[in-house]
Structure formats: C-alpha cells, structure tokens
Amino acid sequence: MKNAGLIATPDPTKQTIILSYGGNQKRKLFITIRDLYGQIIRNSLMQVPAKLDISDLHPGCYFVETIEGREIRRTSFEVL
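Count the sequence shown with the working numbering and you get residues 3 to 82, in order.
Keep in mind the hints are simulated off the structure, nothing from the lab. Each residue gets a CB set at the ideal place from its N, CA and C atoms; glycine is no exception. Errors might be hidden in some of the hints.
[Claimed, not checked] Derived CB-CB ranges, DEER-like:
#1 R72 x K16: 31 to 39 Å
#2 D37 x Q17: 13 to 21 Å
#3 I20 x E70: 28 to 36 Å
[Claimed, not checked] With a straight-line cut-off of 30 Å between C-alpha atoms, the simulated DSSO-like cross-links for lysine-lysine are:
#4 K16 x K30
#5 K16 x K28
#6 K53 x K30
#7 K53 x K28
#8 K16 x K53
From just these sequences and the hints, can you work out the full model?
Structure follows, in structure tokens:
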C-alpha cells in the first residue's frame with residue numbers, strides 16, 4: 003500500500019475535499035472513504051482529480067483509498 007502522490011486538500015475541511023495525484027494526472031479510479039473503524043462510508047468510481055462533497059460526514063478523521071489495478075494508495079483527512 004502506498005500514499006505517494008495521493009493528496010486530499012484542504013485538510014482539515016468542512017464542506018469539500020479535492021482528491022488528486024501529484025502532477026495533476028487524470029485517472030479513473032475506485033475511491034473508498036472509510037471512518038476510523040474501517041467502516042466504508044462511500045465507494046465509487048471517479049475521475050481524479052475530483053472534488054468530493056463531504057458536508058454530510060460527521061466531524062472526525064477519515065481515510066481515502068484509491069484502487070488502480072492492484073495498486074492501493076491511502077491518505078487521510080479531517081472533517082471539522
């Protein structure tokens with residue numbers, strides 16, 4: 003599992019995050035958002051960079067995973 007190049011900004015946030023890879027490469031990826039307990043909050047296929055509305059999430063820390071082929075990358079963000 004890697005996190006190199008996967009970026010979630012701004013962090014912390016209340017409304018939206020922008021999920022991107024370094025170099026602004028456009029990629030279609032499976033994106034999963036998990037809470038601290040590992041429960042899947044969202045799961046979708048999206049083109050990255052992507053602007054995600056997270057205004058419905060409760061305050062706390064979350065993990066974002068992207069899956070491209072057999073490669074999984076993970077980063078985290080905080081909702082205020």
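Can you give the numbers of the hints that this structure goes against, from lowest to highest?
-> The structure conflicts with hint 3 only, although it agrees with all the remaining ones.
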